[in-house]
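K.L.:
Here are the chains, one letter per residue:
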Amino acid sequence: MSVEHPEQERGLSRRATECVVALVLIGLACAALWDNYSRGAGWQGGPQSGFFPARIAWLLLAASVVIFINGWRRAEETLVTWTQLAQVMKVFLPLIVYVFAIGYVGIYVASGLLIASFMIAFGSFRWWNPILAAVIIPVATFWIFEMQFQVPLPKGPLEAWLGY
Amino acid sequence: MENIGFLLHGFDVALSWHNVAYMFIGVLLGIFVGVLPGLGGPNGVAILLPLTFGMDPTSAIILLSSIYWGALFGGAITSVLFNIPGEPWSVATTFDGYPMAQQGKAGEALTAAFTASFFGAICGVILITFLAPLVAKFALRFGPAEFFAVYFLTFCSFVGMGKEERAKIVASLAIGFLLAGMGLDTISGAIRMTFGAQELMSGIDFLVVVIGLFGISEILLTIEEGLEFKGKHARIDLMVVFRTWAQVPRYFMTLARSAFAGIWLGVTPGGAVAASFMGYGLAKRFSKNGKNFGSGEIEGVVAPETAAHAAGTSALLPMLSLGVPGSPTAAVLLGGLLIWGLQPGPLLFVEQKDFVWGLIASMYLGNLVGLLIVLTCVPLFAAILRIPFSIIAPIILVICAIGAYTVHNSSFDVVLMMVFGVVGYAMKKTGYPLAPMVLAIVLGDKAEEAFRQSLLASGGKLGIFFSNGLVGTIMVLGLIALFWGVIAKGWSRLRRVPHAA
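Residue numbers (my numbering), protein chains in the order written: chain A, 1 to 164; chain B, 1 to 501.
Don't read these hints as lab results, they were simulated from the structure. A hint or two may mislead.
Chain B regions said to be covered by chain A (calculated; three or more residues, Cβ under 8 Å) [what the hints assert, rightly or not]:
1) 192 to 198
2) 293 to 303
3) 418 to 429
With a straight-line Cα cutoff of 25 Å, these simulated DSS-like cross-link-like pairs (lysine-lysine) come out [to be verified]:
4) B:K489 x B:K163
5) B:K428 x B:K137
6) B:K429 x B:K446
7) B:K353 x A:K90
8) B:K163 x B:K428
9) B:K428 x A:K90
Listed next, the stretches of chain A that the computed footprint assigns to chain B, with coverage defined by at least 3 CB atoms under 8 Å from CB atoms of chain B [as the list claims (entries may be wrong)]:
10) 47 to 61
11) 78 to 92
12) 98 to 109
13) 155 to 162
Beta carbons are placed, not taken as given, at the ideal position from N, Cα and C, and that holds for glycine.
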């Protein structure tokens, strides 16, 4: 769905988003209802384990139906322009890579790479600045968490090679 | 006046050298998270909470509550200097604070804001000192039905007094309850709503949710604006401070009004955000300078800051005395109590005197420390925002990831944090409030337990919630709060009728 007015920047329609979110919530409510009723949401010498969540799920279902109807009746407007959304994706996609990279290379290496790539992509620094930041910040983190607080964070092959 | 005695003992606890050090560290960290976009009171506390697992609970709560005070102070700095509210409750401070900075009166604006914050906070703390023990003593008589009624009142106030669409507040609450119910049910031993996922067996930790909802989503929102900070400079010297202080007593009525509004909205979970707007609105309406508001009136800075800080502080009153937090940050602190092995609720005042009174005493000291630090270090904190966002953003992401990981030493939690970051972004964009969801996650288990115990006692009859005067009154108050919008509308219509006739 796109916006009618040509002078406005195109973007995600608020009305469509509201309805989709409401549908997702309806789906969640149904899933919760199914789960709780299949375990038992009634009374068996006392409230069964699904008793309370099932009632909450009915509430969610009712609320999300109302939200859907309200969203459907809404006038068209832009929730977020495509340019803005692209901007958000530029942060979000690296974040996904980062989160999954933690499992393979450890949090320190992944953090260094994240910081450096951000600085190269969004900033205008001399070439050695990102490298410096990518080394200093993880090392400082290592010092604070592993050595001072003795809280182990996920480590990868590099740390193993260094003997930690 | 046994409270005074307890309070003095509390000062004894809070004034040990390491607790004072924690206060300083906490306030400094708090101002940092208050100034930085993407970090704030709730997730600042949530990120640091895992580091306090091994600490003595009193020191831990002093550290974490000091972060809260710092964040409350820090929000004003960015509002005045950069026209960017560092925290939602400082939005109203930008209305007059930034115009003052443009006129070269940034120092005055900041001094006024900090002083007003301090005044608001102290009003809140005095209230806690004298009222919280009474409320707790009263609440000792509560059974499960009464406790459920109090939770009911809390959640109804959210729905009835929220600014957002009612259905969205209800949805937000319901999602929170369902998330809280996920995993092992401690009463029946059943595994609920995990849909076969091993990782969800032990449920979803609210700290991870808070870090995602408030931290990651905030970064995504900030980047959407294509952020570039353009700020004013400010230096506060003693002359400016004294000159501003000489003016403040003139606004006593504004201070008092705002403090009252703030306390009211803090105790009932209206929160600091609503309070700051209400304080601003009240001052605009009743002050003789009201028409100048928005063009750099010092009173327009004083009013919202007093109210926000009074609300932020008094939100701890129901948390301490009833175990019902009045704000998201208070909810995170309450989660902390559970983790440190303390049972929040009225018994805290009986069984953990050192803890409670140490905390209350630290509220006085922490706010004093906060005031001193912000007055002396404004240029330093303003400099943080001059660091390019391309460095700040990834560092905040890394801090959030570390925070989420350390909760249970689990990489799955980092993935969950990311998921809730997207959820939070979507919720904020489409106008779902986050606070009710956080409160429901924290209180969900306790509310459900109270509900089930009450029904067990009554054999499944809902009548137990109206079985005596006390529980009935709280339930009726809850219903009034729930339908407050309708009632207020009807009332104003009733009053208008005689005029028309």
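K.L.:
Keeping to a limit of 25 Å between CA atoms, is the pair of K163 of chain B and K428 of chain B held or broken?
P.N.:
Since the Cα atoms of K163 of chain B and K428 of chain B sit roughly 13 Å apart, the hinted pair holds (cutoff 25 Å).
K.L.:
With a Cβ-Cβ cutoff of 8 Å, does the stretch 418 to 429 of chain B contain at least three residues near chain A?
P.N.:
holds (count 6)
K.L.:
For K428 of chain B and K90 of chain A, compute the direct alpha-carbon distance and say whether it is at most 25 Å.
P.N.:
holds (19 Å)
K.L.:
Confirm or reject the coverage of the stretch 155 to 162 of chain A by chain B under the rule of 3 or more residues with a beta carbon closer than 8 Å to the chain's beta carbons.
P.N.:
n = 0 at 8 Å, threshold three: violated.
K.L.:
For the pair supplied as a hint, K428 of chain B and K137 of chain B, is the alpha-carbon distance within the 25 Å limit?
P.N.:
violated (39 Å)
K.L.:
Regarding the pair K353 of chain B and K90 of chain A, is the alpha-carbon distance no greater than 25 Å?
P.N.:
Status violated; Cα separation ~51 Å.
K.L.:
Check whether the Cα positions of K429 of chain B and K446 of chain B lie no farther apart than 25 Å.
P.N.:
violated (30 Å)
K.L.:
For the stretch 293 to 303 of chain B, do at least 3 residues have a Cβ located nearer than 8 Å to some Cβ of chain A?
P.N.:
violated (count 0)
K.L.:
So is the stretch 47 to 61 of chain A in contact with chain B by the C-beta rule, three or more residues under 8 Å, or is the coverage claim wrong?
P.N.:
With 11 residues closer than 8 Å to chain B, the stretch 47 to 61 of chain A meets the three-residue bar; holds.
K.L.:
Hey, K489 of chain B versus K163 of chain B, does the alpha-carbon distance stay inside 25 Å?
P.N.:
holds (15 Å)
K.L.:
Go check the stretch 78 to 92 of chain A versus chain B for me, would you? Three or more residues, Cβ under 8 Å, otherwise it fails.
P.N.:
holds (count 9)
K.L.:
Between the stretch 98 to 109 of chain A and chain B, are there enough contacts, at least three residues with CB-CB distance under 8 Å, for the coverage claim to hold?
P.N.:
Since three or more residues must qualify, the claim that chain B covers the stretch 98 to 109 of chain A holds, with 6 doing so at under 8 Å.
Of the hints listed earlier, those the structure fails to meet are numbers 2, 5, 6, 7, 13, in rising order.
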